[in-house]
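Number of protein chains: 2
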Amino acid sequence: MDKAGRLEKGDASKVPVPVGANRGISIIDLILRLVGIAGTLSAAIAMGTNEQTLPFFTRFVQFSAEYDDFRSFRLFVVVNAILAAYFVLTIPLSIVHIMRSAARGSRILLIILDTIMLALLTAGASAAASIVYLAHNGNSSTNWLPVCQQYGDFCQMASGSLIGSFGGIVMLILTILLGAIALSRQARRVL
Amino acid sequence: MDKAGRLEKGDASKVPVPVGANRGISIIDLILRLVGIAGTLSAAIAMGTNEQTLPFFTRFVQFSAEYDDFRSFRLFVVVNAILAAYFVLTIPLSIVHIMRSAARGSRILLIILDTIMLALLTAGASAAASIVYLAHNGNSSTNWLPVCQQYGDFCQMASGSLIGSFGGIVMLILTILLGAIALSRQARRVL
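Sequences listed follow chains V and E, in order. Position 95 (the first sequence) corresponds to 1093 in this note's numbering; numbering is contiguous. Position 146 (the second sequence) corresponds to 1144 in this note's numbering; numbering is contiguous.
The following block holds chain V by itself, in its conformation from the complex (with noise of 0.2 Å):
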């Protein structure tokens, strides 16, 4: 009882929040998490149908490369691909948050499902990026060349993948940051 009223006493002094301010939030959030969509899908396919095929060849061998080659652009794809499909299910719930401003439950819902996708996706887009760069400027200490002179095409779609992605993962933090203003702001609202 006595910390209940310390509390009111000392919300009470602050300045009230405008009963519109959690809508614009969630507008925001929704608009986030368009870009989302876009950037992660756009890597998906980038590094999805990235391969080039060398125009020489041995008797033996045609030299080619493509994303399913290594492992972490494999990973890099299938990430991506969920996180956009990630996107759009939580698009339905976040036009609900602009709509019933007052959802508490949903939103902590949706902060914890965005805060285990950020890991997810920034796990992928850094393996995907850590051997990107190895492409670029090899490793002396164990041999491994930089293939990037031979493939140039691959490693410039490669690189050009990550943006979308590393968008993703901005975008994802912004949500989450929205996501616990929004609640705090309810808590304070209440008031």
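Please note that the accuracy of each hint is not assured.
To give an idea of the interface, some chain V residues facing chain E are shown, with a C-beta separation under 8 Å as derived from the structure [as the list claims (entries may be wrong)]:
| id | residue |
| --- | --- |
| 1 | D1067 |
| 2 | R1069 |
| 3 | R1102 |
| 4 | I1109 |
| 5 | A1117 |
| 6 | A1127 |
| 7 | I1174 |
| 8 | L1175 |
Rather than coming from a laboratory, the hints here were simulated on the basis of the structure. Heads up, the beta-carbon is just placed ideally off N, CA and C, and yes, glycines get one too.
Use these hints to put chain E onto chain V, whose structure you have.
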């Protein structure tokens, strides 16, 4: 007014959360951060001291590998050191939350920082993991040979240090979730 009335009616039917609930969450949060320090610090030390020199050499070359040869491993050490420092720095805040379980602004701050650090640590850990995978398995299309046959101890140490780092990732995900739950419980308790 109408909406506020509906809110109060809707939430009054819920079981009230006991006053000590958020204190329990904060104590768990503190323990998770201590585990996080142990994980990321041991990962940074294990990888940072990781080097192996092969027992044979030619007239010109002594074969050796150390973490510093790989950009991804260097990133891994730096990121894990940053995360260990971050966990240490947030412990006072976590203790404040145990004592003042009504704190809200600092909880949001902590969720935001945790989220950014989660992205950072996941990036470092999975970039290193993809190199460890390559070292174990090689890649035929780029002619990168598996080097773990030569550098066995080096590979084992690198693989082991990933464990601590992924432990830190799990701790961060849990602290974000606990923070969100604590925030939403505050809203409920105030009602």
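Hints, verified against the model:
Annotation: V/D1067 was flagged as interfacial toward chain E, and the flag holds, the nearest CB pair being 4 Å apart, inside 8 Å. Of the supplied interface hints, the one on V/R1069 holds, with its beta-carbon coming within about 6 Å of a beta-carbon of chain E, less than 8 Å. Checking V/R1102 against chain E by beta carbon gives a least distance of about 6 Å; that is within 8 Å, so the hint holds. Interface hint at V/I1109: satisfied, since its Cβ lies 5 Å from the closest Cβ of chain E, which is below the 8 Å cut-off.
At a threshold of 8 Å, the smallest CB-CB gap from V/A1117 to chain E is about 5 Å, leaving the interface hint in force. Evaluation of the V/A1127 hint against chain E yields a held restraint, the C-beta minimum of about 6 Å falling below 8 Å. Annotation: V/I1174 was flagged as interfacial toward chain E, and the flag holds, the nearest CB pair being 5 Å apart, inside 8 Å. The beta carbon of V/L1175 is positioned within 8 Å of a beta carbon in chain E (closest approach about 5 Å), and the interface hint is therefore held.
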